[in-house]
Amino acid sequence: MPTAQGGTLYRGREGMWSWVAHRVTGFAIFFFLLVHVTDTALVRVSPEAYNAVIGTYQTPIMGLGEVGLVAAIVFHAFNGIRIMLVDFLANGPRYQRVMLWIVLGLFVVTMAGFLPRHLMNVFGGH
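Under our numbering, residues 365 to 490 are what the sequence shown spells out, in order.
These are calculated hints, taken from the structure and not from any lab test.
Keep in mind it's a predicted model, so treat the numbers as computed, not measured.
Backbone N, C-alpha and C fix where the C-beta goes; we use that ideal spot for every residue, glycine too.
A portion of the hints provided could be inaccurate.
Derived CB-CB ranges, DEER-like [said to hold, decoys possible]:
1) G376 to A413: 45 to 51 Å
2) V434 to V462: 50 to 56 Å
3) A416 to R458: 49 to 55 Å
4) F395 to I445: 20 to 26 Å
5) D403 to N485: 18 to 24 Å
6) L479 to D403: 22 to 28 Å
7) A441 to V399: 38 to 44 Å
8) G376 to S410: 45 to 51 Å
9) I466 to R408: 32 to 38 Å
10) R377 to M448: 35 to 41 Å
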């Protein structure tokens, strides 16, 4: 069984887990867009139903869901750039692990900038 050093990116190492996370975040973003288009379409069918649905979105639980959505989008975007670099740069596969750590660092920095302000708005700290 070849090791990650021996030429495979997808055998239980960082490359495999970033691949899994990319697929999971992509599915989550797709599901959000599906729900978003559906609930937005309600405004044409029944403005009262639309207002009721939007009212349910203005709760702390949905505010935490928004954190998950932003986290999924941020990771998916940065990891997508990493995947393109791995695919298109001659030495991309060689540096894929370093690039993953850069993605995770950018993810943490981005979320650290987003979370305090968003959570203050969600939990009333304005």
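Consistency of the hints with the structure:
no. : hint                     : in the structure
1   : G376 to A413: 45 to 51 Å : 47 Å, holds
2   : V434 to V462: 50 to 56 Å : 25 Å, violated
3   : A416 to R458: 49 to 55 Å : 54 Å, holds
4   : F395 to I445: 20 to 26 Å : 22 Å, holds
5   : D403 to N485: 18 to 24 Å : 21 Å, holds
6   : L479 to D403: 22 to 28 Å : 25 Å, holds
7   : A441 to V399: 38 to 44 Å : 20 Å, violated
8   : G376 to S410: 45 to 51 Å : 50 Å, holds
9   : I466 to R408: 32 to 38 Å : 44 Å, violated
10  : R377 to M448: 35 to 41 Å : 20 Å, violated
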